[in-house]
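Colleague: Below are the chains, spelled out letter by letter.
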Amino acid sequence: MKRHAPDLIITTAPFLREGSSTPELMRQVLLATIPVVAAGTWFFGFGALLVIFTATVGAVAAEWFLSGNRSGLGTLADGSALLTGILLGLTLPPPIPLWMAFLGGAVAIALGKVIWGGLGHNIFNPALVGRAFLQAAFPEPMTTWSAPVSSWFSSSSPYVAVDPRTFALPLMRVKTDVITAATPLGLAKFQGKGTDLWSLFFGNTGGSIGETCAVLLILCGLWLASRRALEWRLPVAALSSVFVFSSTLHLIDSTRYPGPLFMLLSGGILFGSVFMVTDPVTTPITRTGAWVFGAGLGFLVVLIRIFGGLPEAVMFSILLMNAVTPLINRATQPRTFGY
Amino acid sequence: MATKMDDEEKQKLYDEFVKGIWRENPVFIQVLGLCPSLAVTNSLMNGIAMGAAVLFVLVCSSFLISLLRNVIPKPVRISIYIVVIATFVTAVDFTLAAVAPDLHKSLGAFIALIVVNCLILGRAEAFAGRHGVKESVADAIGMSIGFTLALCLIGGIREALGNGTLLGYSLFGPNFEPWVIMILPPGGFLTLGAYLFLFAYFKERSEEKKQRQADAARNLTEGRRAA
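Listed in order, the protein sequences are those of chains W and H.
Number 315 in the numbering used here belongs to position 77 of the first sequence; there are no gaps in the numbering.
Number 60 in the numbering used here belongs to position 64 of the second sequence; there are no gaps in the numbering.
Because the hints were derived from the structure by calculation, they are not lab data.
Computed from a prediction, not measured in an experiment: that's the story for all the values here.
Ideal placement from N, C-alpha and C gives every residue a C-beta, glycine not left out.
You may find that some hints are simply not true.
Claimed, not checked - Among chain H residues calculated to face chain W with C-beta under 8 Å, some are:
hint	residue
1	N171
2	F172
3	E173
4	W175
5	V176
6	I177
7	P182
8	F185
If we strip away everything but chain W, and leave its shape as in the complex, we get (with noise of 0.2 Å):
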C-alpha cells in the first residue's frame, strides 16, 4: 500500500511572509524616479538627462565588473546598481563633465557598496559615497550650477540646452563663460537674498538636477509612502527635525536665519529625506531609531547650513548619520518579548 506523505509542515517561525523582495522594492523607488528624472530634463535641459545617463552607466559597469559574476546578469538583477546610479545622477550640478559623472557612479559602486562585501552589507548611503568623492576631487565643477532653461509651462530650449563644460574630455576641463546660477540657499549665505517660496516649490531655481522640485519630491515621497515602499517614520522625522530646529532660530533671530518653509524646500533635504534616509541598508531599521536618525539628521542639516562653512550640508549630514546608524539600532532594539 501506498503512503501518502502527512501534509505537516513543521518548521519554526515566521510564518506569514509578505512577499515583497528587493527587486520588487527597488523596481517601486526606480519607478518614482522617473518622474524626477524628467522633471530634471525639463528644467535643465537634455544635458542632465545625460549626466544621470552617464552616473548610471558608471554605476552599473562597476558593479559588473567588481562583483565578479560573468554569466547572467548577476547582482545586477536587483536593480540596486542601476537605483544608485540614477540617485547619484539626480544629486549632481546639471553641468558637470560626463567623465566626473562616470568616475561618480563608478566610484559609489567600487567605494560605497561592493568593497563592504555588496548589497546589505555597506555603512554609508552608496549614492552619496560617489557624491562626496566628486565634492572633495573637484569642488569646483560641484559647486558650479546652472540656471534652469524652462519652468512649468515656458520652455527656451529643454531638448537642445547642453552645457558646453559637459564634453570635455576625461580629465580635462572646458573653460568657458557660460552664466552661472547660484543655489538658493548659496544666495541666502553669501548674498542675504531671499528666494519666493512657490519658485522653491515649482522648482524654478538652480541646484542639483534632481532637488529642485519641492511638489515632485513630495508627491513621489507620498505615492513610495503609499506602496509601503518605504518607512514614512523616517522622512517624517527628518523633515519635522530641520522644522523645529530652523522655525527656533527664526524665532530668536528672524533677521538673521530663514524661516523653516525656506529652510525645507531649498536644497536637498526634500529629496534626500525621500530618497537617501530611507534606504532600508543604511538607516535605522527600529521605530525609534527612525525618530532618532530624522532628528539628529535635521539638527546637522540646520546647524551645518546655518554655521557651517558650506551653503549645503544635507550630503554630509547624511553621511554622518549613516555612520551612528548601528549604534542606534543597538541602543533602540526592542525588548524581547516576556523578558
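With chain W fixed as given, assemble chain H onto it according to the hints.
Modeller: Relative to the frame of chain W, chain H by itself:
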C-alpha cells in the same frame, strides 16, 4: 670547491637582496612603514627623497646592528636599536636641512619620524639582529629599494592625478582638471588601498594558478597509474 661555496653564498645574498623589492615588499606585502607612505607621498619627489633617507638610515643601522649583535644584551636590544637608528636619522635630518632646505621643509616632521618607522625597527629586530653583516646589508638595500619603489608608485599616481604633473613637469596640458582629493590625506589612503587590492588580487590569482597546475599534474599521474 671554493668557487662553488662562493656561488652559493652569492646566490643567498642575492636572494636576501631581491626579496624586499617585490615578493616581500615592505609597504604592499608586509604593510609596514605606512605613516610616511601615506603622509609624504603627495608628490613623486617627496617619495624619492623619503626613500633615499630611509635607504641611508636602514643600510647604516642594519650594518651597525648586525656588527654589534653579539655584544648587545638581549633585554635592552630595542632601546639600543632605537639609539642607533636615531643617530643616523639625526645625520640625515641635518644633512637634508643643509643641502635641500625646501625638500626638508616639505617632508616636515616625517624625517625625524623615521626613528620610529616600524620598517626599520622591524628589519633590525627580525633580520639584522640575527644575521651576518653581508646578509643584513643586502637585506637592508633590497628592503629600502622596495620601500622607495612603493613610495614612488603611490606618489606618482597622487601627483599625476592631484596636480597633473610628474616631478613638476606638466602631463596633461593647461586644461587639466586636478583631483584635489588625491593630494589631500584621503588620496593617500585611496591610492594605498588600491595598490594593496591589486597586490592581493594578483597574489591570489597566481596561487590559484599554482593550485590548478598541481591538480593537473596529480590527475595526470593518477590517470597513468589507473591505465
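Colleague: Does each hint fit the structure? Answer for all of them.
Modeller: Here's how the hints hold up against the structure:
Nearest Cβ of chain W to the Cβ of N171 of chain H: about 5 Å, under the 8 Å cut. The hint holds. The beta carbon of F172 of chain H is positioned within 8 Å of a beta carbon in chain W (closest approach about 6 Å), and the interface hint is therefore held. With a cut of 8 Å, the hint placing E173 of chain H at the interface with chain W holds, because the nearest CB-to-CB distance is about 4 Å. This hint holds: W175 of chain H has a C-beta 4 Å from the nearest C-beta of chain W, less than the 8 Å allowed.
Contact between V176 of chain H and chain W, as hinted, is supported at the beta carbon level, the nearest pair being about 6 Å apart and thus within 8 Å. Of the supplied interface hints, the one on I177 of chain H holds, with its beta-carbon coming within about 4 Å of a beta-carbon of chain W, less than 8 Å. Below 8 Å, beta-carbon pairs count as interface contacts, and P182 of chain H has one with chain W at about 6 Å; its hint therefore holds. At a threshold of 8 Å, the smallest CB-CB gap from F185 of chain H to chain W is about 11 Å, leaving the interface hint violated.
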